[in-house]
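Number of protein chains: 2
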Amino acid sequence: MTNNIILLGHGSGGKLSHQLLDDVIIPRLSGLPQREQNDAAVLSHGGRRLAFTTDSYVVDPIFFPGGDIGDLAVNGTVNDLAMSGARPLYLTVGLILEEGLPVADLERVLDSMKAAAAAAGVAIVAGDTKVVPRGKADKIFINTAGIGVFDHDLEILGSGARVGDQILVNGTIGDHGMAVLAGREGLDLHSDIQSDTAPLHELVADLIAGVGRDLHVLRDPTRGGVATTLKEIALQSNVDLTLEEPALPVGEAVRGACAILGLDPLYVANEGKLLALLAPEAAGRALDIMHRHPQGRHAAIIGEVTGASAGKVYLRTAIGGLRAIEMLAGEQLPRIC
Amino acid sequence: MTNNIILLGHGSGGKLSHQLLDDVIIPRLSGLPQREQNDAAVLSHGGRRLAFTTDSYVVDPIFFPGGDIGDLAVNGTVNDLAMSGARPLYLTVGLILEEGLPVADLERVLDSMKAAAAAAGVAIVAGDTKVVPRGKADKIFINTAGIGVFDHDLEILGSGARVGDQILVNGTIGDHGMAVLAGREGLDLHSDIQSDTAPLHELVADLIAGVGRDLHVLRDPTRGGVATTLKEIALQSNVDLTLEEPALPVGEAVRGACAILGLDPLYVANEGKLLALLAPEAAGRALDIMHRHPQGRHAAIIGEVTGASAGKVYLRTAIGGLRAIEMLAGEQLPRIC
Ligand SMILES: Nc1ncnc2c1ncn2[C@@H]1O[C@H](COP(=O)(O)OP(=O)(O)OP(=O)(O)O)[C@@H](O)[C@H]1O
Ligand SMILES: Nc1ncnc2c1ncn2[C@@H]1O[C@H](COP(=O)(O)OP(=O)(O)OP(=O)(O)O)[C@@H](O)[C@H]1O
Ligand SMILES: [Mg+2]
Ligand SMILES: [Mg+2]
Ligand SMILES: [Mg+2]
Ligand SMILES: [Mg+2]
Ligand SMILES: [Mg+2]
Ligand SMILES: [Mg+2]
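Protein sequences appear in the order of chains A and B. Sequential numbering from 1 applies to the first sequence in full-length UniProt numbering. Sequential numbering from 1 applies to the second sequence in full-length UniProt numbering.
Think of the hints as simulated: they come from the structure by calculation, not from any bench. Hints should not be assumed to be uniformly reliable.
[To be verified] Straight-line distance between alpha carbons at most 20 Å, and here's what the computed EDC-like set of lysine to aspartate or glutamate pairs gives: (1) A:K312 / A:D264; (2) B:K15 / B:D264; (3) A:K312 / A:E202; (4) A:K114 / A:E202; (5) A:K114 / B:D264; (6) A:K15 / B:E99; (7) A:K15 / A:E36; (8) B:K114 / B:D23; (9) B:K15 / A:E99; (10) B:K114 / A:D23; (11) A:K312 / A:E326; (12) A:K15 / A:E202; (13) A:K15 / B:E98; (14) A:K312 / A:E245; (15) B:K15 / A:E98; (16) A:K114 / B:D22; (17) B:K114 / A:D22.
Being a predicted model, the structure only gives us computed values, none of them experimental.
All chains, full assembly: derive it from the sequences and hints.
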């Protein structure tokens with residue numbers, strides 16, 4: 001790696017994150033080649049498959065429009081399990097609290113975790129609680145790890161994209177990142193942008209029931225946004241993707257706030273969105289399924305797999321230009337999740 | 001709860017930790033009664049049992065005599081799985097890095113995790129990496145979550161102690177906590193105390209193979225030390241325990257350092273120790289098994305279950321006095337693990 005200290009960008013989910021993972025972390029810890037790095041690990045136990053995953057949450061502020069660090073931490077791990085095709089069942093919760101945190105704030109976060117766990121049908125079965133002195137953490141950091149099980153024998157992997165596959169997203173993009181920004185002190189965006197934080201496992205179950213083996217790839221475009229996530233999929237599957245810019249669902253308020261701040265919604269984090277790559281003959285059916293689901297009302301087909309090659313992603317603009325899309329560079333929005 | 005802000009003591013593993021867990025966290029998150037709070041949760045999947053647990057590590061300093069935050073984080077979760085009687089198999093790793101952390105320090109920690117995982121025979125299958133700005137965390141915090149499987153049908157629970165059970169510890173107590181203290185800047189204890197951080201699953205497997213159903217309780221006396229952990233077991237099992245002070249294995253250097261600092265080794269954290277409660281007829285055999293194992297050379301019988309009652313723990317001193325033992329009060333040693 002070219003840097004000798006950790007930069008904020010190493011947590012962006014973008015280029016620097018991937019560099020840190022590929023050069024420093026993965027070779028030491030998991031040894032998995034990049035194309036096998038998925039949202040959750042799939043393990044086999046007694047002839048049955050299990051999904052296992054984790055995420056830590058350091059979002060600032062801990063309460064933001066549409067959610068807080070608690071429901072974010074539950075939904076995030078539920079979603080990484082769902083992206084592997086698993087049914088989420090059990091979570092652990094690791095809390096790191098800063099000395100001086102008001103107990104009322106902790107209670108509010110825990111109430112929100114409880115509600116999110118109940119809504120997602122997962123049980124919190126174990127946990128851990130540490131406290132560090134004032135100034136050694138920032139209010140509260142939460143880790144969740146999760147286990148899910150499989151009700152089918154499909155393999156849904158980042159490496160599964162095929163030429164011709166249609167790319168679907170289940171709704172508007174950029175809401176979570178812009179809601180967190182709007183929640184930051186001093187940044188009054190005069191907007192009612194709400195985080196999209198939500199569990200996606202039921203939408204996934206509906207898709208699997210409806211299109212089965214035609215569902216090739218699922219991934220939640222969190223840090224790094226839709227652009228970075230599609231670039232990951234293109235690299236894992238060795239395919240080229242083309243996005244149609246006019247087809248991208250972006251809410252008016254998000255579009256406006258992004259314009260003011262010079263941000264591109266394609267790179268802004270989502271917490272209740274998934275990208276699905278499907279065989280073309282199943283795309284219409286998948287879109288209908290999404291439209292009928294509360295988490296998919298604004299779903300759209302946003303592009304397709306246009307070639308089998310070296311992992312390129314292109315954006316076709318409204319006026320027909322073709323622009324290459326790279327992973328998020330630098331740290332657009334630190335501590336967004 | 002009587003406090004309205006989080007205090008360092010809420011992370012001690014002692015009285016305040018239990019208050020926070022019982023009054024604020026557990027009612028919202030897991031709903032398990034206190035007597036069912038064990039080192040790992042035991043789940044059932046396709047007719048087979050799985051153990052699932054997590055711990056977050058915030059130890060300061062991150063490198064200390066005998067170990068670092070990396071091997072600590074692997075061994076700690078391996079041990080919580082082992083205490084449920086499970087064979088540890090898979091870990092996830094959640095990293096929270098402070099901006100400015102030298103990459104060389106991260107590499108050293110990861111190398112140590114890799115070595116510890118290899119030594120314990122566990123695979124790191126998924127992870128997450130976040131970065132927070134300078135001053136919003138302290139170098140590196142690590143969460144590990146783990147899954148283990150069962151090779152037998154024993155139920156080893158904190159509620160399993162019976163009158164007459166003998167209490168065994170697998171070696172000297174207080175080493176980890178005192179090693180971390182010795183590693184702190186400005187605290188030159190002129191000692192060679194080393195952390196006891198080590199995986200205990202093989203010792204547990206040997207015990208299970210050797211004494212089977214006569215093994216009633218296992219727990220690793222981490223935060224809060226042997227005293228707090230025995231108090232937890234006494235409360236979970238509704239029994240009274242009596243410890244024999246002269247039987248407690250304490251290294252000379254630890255005894256000396258504790259005397260200088262006014263600490264009681266009974267309350268100092270361990271990271272390579274277990275307490276085992278066994279039927280009296282199996283205690284001698286268990287002690288032999290421990291003595292033959294590298295992790296048990298200084299094992300000793302340190303007390304017994306003396307009554308079925310209200311969760312009292314007594315310490316019989318060298319001169320025959322009987323002193324009641326309570327959980328760790330306040331925060332003896334912050335950020336010890
Ligand atoms: N934030 C939390 N959410 C849910 N359960 C928790 C939480 N914190 C602790 N627990 C539960 O409380 C019990 C005690 O936890 P604790 O962390 O003290 O155990 P431990 O990991 O064995 O000890 P140590 O953390 O010192 O290694 C466990 O059953 C654990 O699952
Ligand atoms: N510290 C780590 N140790 C081992 N594997 C890691 C670590 N950090 C990330 N990974 C692996 O790298 C891949 C990408 O991780 P990443 O956290 O970006 O995915 P994600 O959780 O889907 O995204 P996000 O964290 O934005 O929600 C995953 O396969 C993950 O398991
Ligand atoms: Mg994901
Ligand atoms: Mg994630
Ligand atoms: Mg713990
Ligand atoms: Mg334990
Ligand atoms: Mg533990
Ligand atoms: Mg992640």
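Here is what the structure says about each hint:
1. A:K312 / A:D264: holds, 19 Å
2. B:K15 / B:D264: Judged against 20 Å, a Cα distance of about 16 Å means the pair holds.
3. A:K312 / A:E202: Since the Cα atoms of K312 of chain A and E202 of chain A sit roughly 31 Å apart, the hinted pair is violated (cutoff 20 Å).
4. A:K114 / A:E202: holds, 18 Å
5. A:K114 / B:D264: Roughly 38 Å separates the two Cα atoms, so the pair is violated.
6. A:K15 / B:E99: holds, 16 Å
7. A:K15 / A:E36: holds, 18 Å
8. B:K114 / B:D23: violated, 38 Å
9. B:K15 / A:E99: Holds, at roughly 16 Å.
10. B:K114 / A:D23: holds, 15 Å
11. A:K312 / A:E326: holds, 8 Å
12. A:K15 / A:E202: Given pair K15 of chain A, E202 of chain A is violated - Cα atoms ~31 Å apart, limit 20 Å.
13. A:K15 / B:E98: holds, 18 Å
14. A:K312 / A:E245: Judged against 20 Å, a Cα distance of about 16 Å means the pair holds.
15. B:K15 / A:E98: holds, 18 Å
16. A:K114 / B:D22: Between K114 of chain A and D22 of chain B the Cα gap is close to 15 Å, so the pair holds against 20 Å.
17. B:K114 / A:D22: With a Cα-Cα distance of about 15 Å, the restraint between K114 of chain B and D22 of chain A holds, given a limit of 20 Å.
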